[in-house]
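Number of protein chains: 2
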Amino acid sequence: MSAAWVIPVSVHPPLVAVAISPKRYTYELILSSKEFAINVPSVNMLDVVDYCGSISGRDVNKIASLRLTTLKPKVIKSPLLKGCASFLECKFREAFKAGDHFLIVGEVVRACSEDVFDGIYDVNKFRPLMHLGGDNYCTISPRIFKPKA
Amino acid sequence: MSAAWVIPVSVHPPLVAVAISPKRYTYELILSSKEFAINVPSVNMLDVVDYCGSISGRDVNKIASLRLTTLKPKVIKSPLLKGCASFLECKFREAFKAGDHFLIVGEVVRACSEDVFDGIYDVNKFRPLMHLGGDNYCTISPRIFKPKA
Numbered sequence: 074m075s076a077a078w079v080i081p082v083s084v085h086p087p088l089v090a091v092a093i094s095p096k097r098y099t100y101e102l103i104l105s106s107k108e109f110a111i112n113v114p115s116v117n118m119l120d121v122v123d124y125c126g127s128i129s130g131r132d133v134n135k136i137a138s139l140r141l142t143t144l145k146p147k148v149i150k151s152p153l154l155k156g157c158a159s160f161l162e163c164k165f166r167e168a169f170k171a172g173d174h175f176l177i178v179g180e181v182v183r184a185c186s187e188d189v190f191d192g193i194y195d196v197n198k199f200r201p202l203m204h205l206g207g208d209n210y211c212t213i214s215p216r217i218f219k220p221k222a
Numbered sequence: 074m075s076a077a078w079v080i081p082v083s084v085h086p087p088l089v090a091v092a093i094s095p096k097r098y099t100y101e102l103i104l105s106s107k108e109f110a111i112n113v114p115s116v117n118m119l120d121v122v123d124y125c126g127s128i129s130g131r132d133v134n135k136i137a138s139l140r141l142t143t144l145k146p147k148v149i150k151s152p153l154l155k156g157c158a159s160f161l162e163c164k165f166r167e168a169f170k171a172g173d174h175f176l177i178v179g180e181v182v183r184a185c186s187e188d189v190f191d192g193i194y195d196v197n198k199f200r201p202l203m204h205l206g207g208d209n210y211c212t213i214s215p216r217i218f219k220p221k222a
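In the order they appear, the protein sequences are chains W and Z. If you're matching positions, the first sequence starts at 74 in the working numbering and goes up one per residue. If you're matching positions, the second sequence starts at 74 in the working numbering and goes up one per residue.
It is worth saying that the hints were derived from the structure and are not from the lab. Worth double-checking, as some hints may not be accurate.
[To be verified] Straight-line distance between alpha carbons at most 20 Å, and here's what the computed DMTMM-like set of lysine to aspartate or glutamate pairs gives: (1) K164/Z with D123/W; (2) K219/W with D123/Z; (3) K219/W with E108/Z; (4) K198/W with D208/Z; (5) K150/W with D120/W; (6) K164/W with E180/Z; (7) K198/Z with D208/W; (8) K219/Z with D123/W; (9) K219/Z with E180/W; (10) K170/W with D208/Z; (11) K170/W with D120/Z; (12) K219/Z with D173/W; (13) K170/Z with D123/W; (14) K219/W with D208/Z.
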């Protein structure tokens, strides 16, 4: 699924939280498999993200229908999506009910960037797609550095 | 305090979650006052955000020491900070422990933008400051719209 409501929540251990509606197929899958991958989409993946956010995996195999290429994870079993800006392999830890969603907390057991797959890592290439609401998306601006004191 | 780990978590009711270390003074204040304001800083507020993220309110009155101008909230009592891109007035709902932080969940009882204070609302002016990690900050890029199908 496409998910915009994702944050880190702990440094030691490294945990992330994703807000997911219990109506979503992904919610069932995470609770049964006890693991999940966070694929941070690149700015050029808007079509993929929009499609994956509007159709349920209960009805369609989204990877097959979009002919997406997957990458093999190293710790978990959920496949990673080639072309993403970065990847987090996560083990499910806890689910907290918050209104009409659940906060799914996972431990990051592996974090990497596709550039590492290519043998080169360049953090300045990081161009994630971000959801502003509705049909509006953006990426990050160039870096703004703290003025030297 | 400056907080980067903030997301919406529910539509009905409108809830947000903020990950805060229990070591922080803000954590104590939220748990005792049962309310908090989220002031989304503008891109030109890097100095303020960096200072407020590096010093504790236990030691310094940050509003006084930076001579910040506050705006009067309408529902809660915590002051809002003039110059921010937007504001969320929140009532504390629940705190979930997640690793070395707590997920503080609050109900948004009022949301507005400083442009509304000035009588004009222009969402295209929204230029929030975002934390990339370490001393690296950015804002959002220009909008990327979904291609018309």
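message: Let me make sure I understand: some of the numbered hints might not hold for this structure. Which ones are they, in numerical order?
response: 1, 3, 5, 6, 9, 10, 11, 12 and 13
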